[in-house]
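Same order as they appear, the protein sequences are chains A and B.
If you count the first sequence from 1, position 103 lands on 103 in the working numbering, and the numbers rise without skipping.
If you count the second sequence from 1, position 49 lands on 49 in the working numbering, and the numbers rise without skipping.
The set of hints was computed from the structure by calculation and includes no laboratory data.
Some hints here could point you the wrong way.
Listed below are the simulated DSS-like cross-link pairs for lysine-lysine, each with C-alpha atoms no more than 27 Å apart in a straight line [said to hold, decoys possible]:
{"hint": "1", "chain 1": "A", "residue 1": "K65", "chain 2": "B", "residue 2": "K15"}
{"hint": "2", "chain 1": "B", "residue 1": "K9", "chain 2": "B", "residue 2": "K73"}
{"hint": "3", "chain 1": "B", "residue 1": "K106", "chain 2": "B", "residue 2": "K15"}
{"hint": "4", "chain 1": "B", "residue 1": "K106", "chain 2": "B", "residue 2": "K65"}
{"hint": "5", "chain 1": "B", "residue 1": "K73", "chain 2": "A", "residue 2": "K7"}
{"hint": "6", "chain 1": "B", "residue 1": "K65", "chain 2": "B", "residue 2": "K102"}
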Amino acid sequence: SAVISQKPSRDICQRGTSLTIQCQVDSQVTMMFWYRQQPGQSLTLIATANQGSEATYESGFVIDKFPISRPNLTFSTLTVSNMSPEDSSIYLCSVEDVLSGNTIYFGEGSWLTVV
Amino acid sequence: AQRVTQPEKLLSVFKGAPVELKCNYSYSGSPELFWYVQYSRQRLQLLLRHISRESIKGFTADLNKGETSFHLKKPFAQEEDSAMYYCALYNFNKFYFGSGTKLNVKP
C-alpha cells in the first residue's frame, strides 16, 4: 500500500489566519482525496484533488475556503482559509490504490485547533 | 443517495465475548463495502472489504443485500480489538463513511 505523509501533524491556529496542509505519497497515485473529521463525528469528503486541474468539491465545501493544489501525482496541499473555531478538526489526506482495487489509504491526519 | 448508518456509537463487551458491529447502507446499485479501523493514536486503516470475503484478525463481514447490511463480527473479542470502527461504501470513486462505532473490550 502507498505510504502517505502529512504535515503538519498538529497545529494551533489563530482565528482569521490560513494554514496549508501538505500530503506526500511515496508512489504515483491517480486519486487523492481530502477528508475532514470533526470531533466526535465521521469522515466527510471535502474534495477530490485532480492532477493538473481544479479540485472537485463536495456539497458544502467551496474553493475559496478550502483551496487545493495537486501539482503532480505524488503531492497535494489543502489550505484552510480564514479559519474560525468551527474549522477545528482533523484533516485527512487519502489516496486510492488501484492495484488494491477500490481501496483507499489514509495519512495520519493533521489536527488543527483554531483559537 | 448513498448513506451508511452505524447505529451504535459505543459497544462494550468482555474479552472472549462475541462482537457484532452493525452497519446498514442505502444504495440502489451493487455496493462495494468496507470496514476501516482506527486504533488509538494510529491512522485509519483498512480492515476488510466485502469482495475479498476474507477474515482479518478474526473479523468477518457478510454483505446482506436483502437487509442492506454489512455487519462486522468476531466470535471472541480481544482487548487489542478496542478501537473505532468505520463502515464505508464506495461509489463512483468516492467513499462514504458511517459515523463510527467505538468498540471497548474489557478484560
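Problem set entry | In rising order, the numbers of the hints this structure does not comply with | 1, 4 and 5
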